[in-house]
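Chains as they are written, first to last, in this note's numbering: chain A, 1 to 284; chain B, 1 to 284.
It is worth saying that the hints were derived from the structure and are not from the lab.
Identical chains blur together in the list; that is why a pair holds if it fits in one copy or across any two.
Here are the computed lysine-lysine pairs in the DSS-like style, where the Cα-Cα straight-line distance is at most 30 Å: (1) K107 / K284; (2) K273 / K186; (3) K284 / K186; (4) K273 / K284.
Below, each chain spelled out in residue letters.
2 protein chains.
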Amino acid sequence: MTMRKNIIIFAICLSVIFTLVTGCIDEAESGGISENVTGQQAESALTLYSSNDILYQVSTINALLEGVYDGETDYESLKQHGDFGIGTFSGLDGEMIELDGIVYQIKDDGIAYPVNDSMTTPFAAVTFFDADTEDLITEPMNRSQTEDYLAALMPNRNIMYAIKINGTFDYVRTRSVPKQEKPYPKLVEVTKDQPTFELEQVNGVIVGYWLPSYVEGINVPGYHLHFITEDRTAGGHVLEFGITEGTVGIDNTHRFFMELPKSNEFLDSDLTKDTGSELEQVEK
Amino acid sequence: MTMRKNIIIFAICLSVIFTLVTGCIDEAESGGISENVTGQQAESALTLYSSNDILYQVSTINALLEGVYDGETDYESLKQHGDFGIGTFSGLDGEMIELDGIVYQIKDDGIAYPVNDSMTTPFAAVTFFDADTEDLITEPMNRSQTEDYLAALMPNRNIMYAIKINGTFDYVRTRSVPKQEKPYPKLVEVTKDQPTFELEQVNGVIVGYWLPSYVEGINVPGYHLHFITEDRTAGGHVLEFGITEGTVGIDNTHRFFMELPKSNEFLDSDLTKDTGSELEQVEK
Numbered sequence: 001m002t003m004r005k006n007i008i009i010f011a012i013c014l015s016v017i018f019t020l021v022t023g024c025i026d027e028a029e030s031g032g033i034s035e036n037v038t039g040q041q042a043e044s045a046l047t048l049y050s051s052n053d054i055l056y057q058v059s060t061i062n063a064l065l066e067g068v069y070d071g072e073t074d075y076e077s078l079k080q081h082g083d084f085g086i087g088t089f090s091g092l093d094g095e096m097i098e099l100d101g102i103v104y105q106i107k108d109d110g111i112a113y114p115v116n117d118s119m120t121t122p123f124a125a126v127t128f129f130d131a132d133t134e135d136l137i138t139e140p141m142n143r144s145q146t147e148d149y150l151a152a153l154m155p156n157r158n159i160m161y162a163i164k165i166n167g168t169f170d171y172v173r174t175r176s177v178p179k180q181e182k183p184y185p186k187l188v189e190v191t192k193d194q195p196t197f198e199l200e201q202v203n204g205v206i207v208g209y210w211l212p213s214y215v216e217g218i219n220v221p222g223y224h225l226h227f228i229t230e231d232r233t234a235g236g237h238v239l240e241f242g243i244t245e246g247t248v249g250i251d252n253t254h255r256f257f258m259e260l261p262k263s264n265e266f267l268d269s270d271l272t273k274d275t276g277s278e279l280e281q282v283e284k
Numbered sequence: 001m002t003m004r005k006n007i008i009i010f011a012i013c014l015s016v017i018f019t020l021v022t023g024c025i026d027e028a029e030s031g032g033i034s035e036n037v038t039g040q041q042a043e044s045a046l047t048l049y050s051s052n053d054i055l056y057q058v059s060t061i062n063a064l065l066e067g068v069y070d071g072e073t074d075y076e077s078l079k080q081h082g083d084f085g086i087g088t089f090s091g092l093d094g095e096m097i098e099l100d101g102i103v104y105q106i107k108d109d110g111i112a113y114p115v116n117d118s119m120t121t122p123f124a125a126v127t128f129f130d131a132d133t134e135d136l137i138t139e140p141m142n143r144s145q146t147e148d149y150l151a152a153l154m155p156n157r158n159i160m161y162a163i164k165i166n167g168t169f170d171y172v173r174t175r176s177v178p179k180q181e182k183p184y185p186k187l188v189e190v191t192k193d194q195p196t197f198e199l200e201q202v203n204g205v206i207v208g209y210w211l212p213s214y215v216e217g218i219n220v221p222g223y224h225l226h227f228i229t230e231d232r233t234a235g236g237h238v239l240e241f242g243i244t245e246g247t248v249g250i251d252n253t254h255r256f257f258m259e260l261p262k263s264n265e266f267l268d269s270d271l272t273k274d275t276g277s278e279l280e281q282v283e284k
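Extracted from the complex, chain A is given alone in its bound form (with noise of 0.2 Å):
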């Protein structure tokens, strides 16, 4: 962290207390226009960061289909935002997980390797995991049967939902994709001749996510999950599984926060087609 940082958020703090003690926030000047922080505006934005219940995405999933793969937030900066989550890398080198806060890279060889902070994301999904629910699963099941069994865990089909499964596999089969060369092709082409990877009988965890259909277009509706082995080796975008045993925490999410590229490359891309055959496609 600069220096120059460490000073505005100091001053920040100054003014929120000097605020507080003054008693300057109350209605009257609730709705003042504002050019900079204020003592009110910090105070919202804490008091949502302090629910840690947001999913907070970077760039939309239709830019992706789009082959917008170059990586415009770094790693360091995603890490504030959630220490869980699913994405890609600049280039669309490799399948992103992040699990209790450390970030992995499965590149195409199907391995797990250390991300650095300053490695780029051109997509990606975090929220600071809370399962608002925890169950078991105590007998085996395989991909479509768990997500029968995680969707009679959920409420209802309007919220997001963050998924973490801890358990003992006796299969998973996932894919990972090759970094890519400009001129990009679309995510569509790319995942024609993905390498798959059959791991078997290994302990591992699933982080992912259900999102509703409303999010068609700006991210995956529907299950998106990730796998990574429990020595944290191996892993991939997860295409199928069978499960012995395990856990499932499920963390309900009200919050959405999106973050929209500033590069070319995503603000000249063509954002309107329908992508849902397409989204089909590549996640298969």
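We have chain A already, so just place chain B on it with the hints.
Coordinates of chain B only, in the frame set by chain A:
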């Protein structure tokens, strides 16, 4: 503001200052799991809010189309997220316009009423308006011509734009919506009999947004504009207008924050429908 909030904010500020003084914020800790607000989350939140570049939204347009009209977020809270915006009121009791931090309620008589902080909204979108570009309208234009003029001022079609037009109008045709009683009808039923108003030779301000197509289901793709007269006595949802001269401010917005309601009314509604055609009907 309650004493409890005061104490929490004060404690957060102290912890931020303590963290800064002791130099505890470094890269090594940035990925840590946090149950509560950490100095780094606070920093992140404050950095975000200092940008004023956030479109903050309550609920989804699909929920409003389905008749989810009970307000949940009060205007005191909403104003913490913006001094400019549009929306509606609990029970669909009129059109909302916020300008310079003051909220107005245009009821079904076309008159603008003051709004108490304790009143609530089922759907609203606000931002801290800070124009990136300012341009002049110097020749007469109708709505369609003005939309073309605005389109030429937007650098791309992939981010969100807040729009403010301060001008002299030959006429402005607006509509409002009457307060509904339960069981709430769908929005498309309500707007079939909407009261419309013709304001002639009037100065006033148009407040609204142009949003990308990928917000479909979440908000209104394209233009969504409300109007209020210069003397703040009348207005509504804009159907048509003729402007003779004015100033146009556009605020390019790269960040989007959506707060989903926790009410059963929202959670139990069917948000899976394709609402494109209904939306077109209710916006006219």
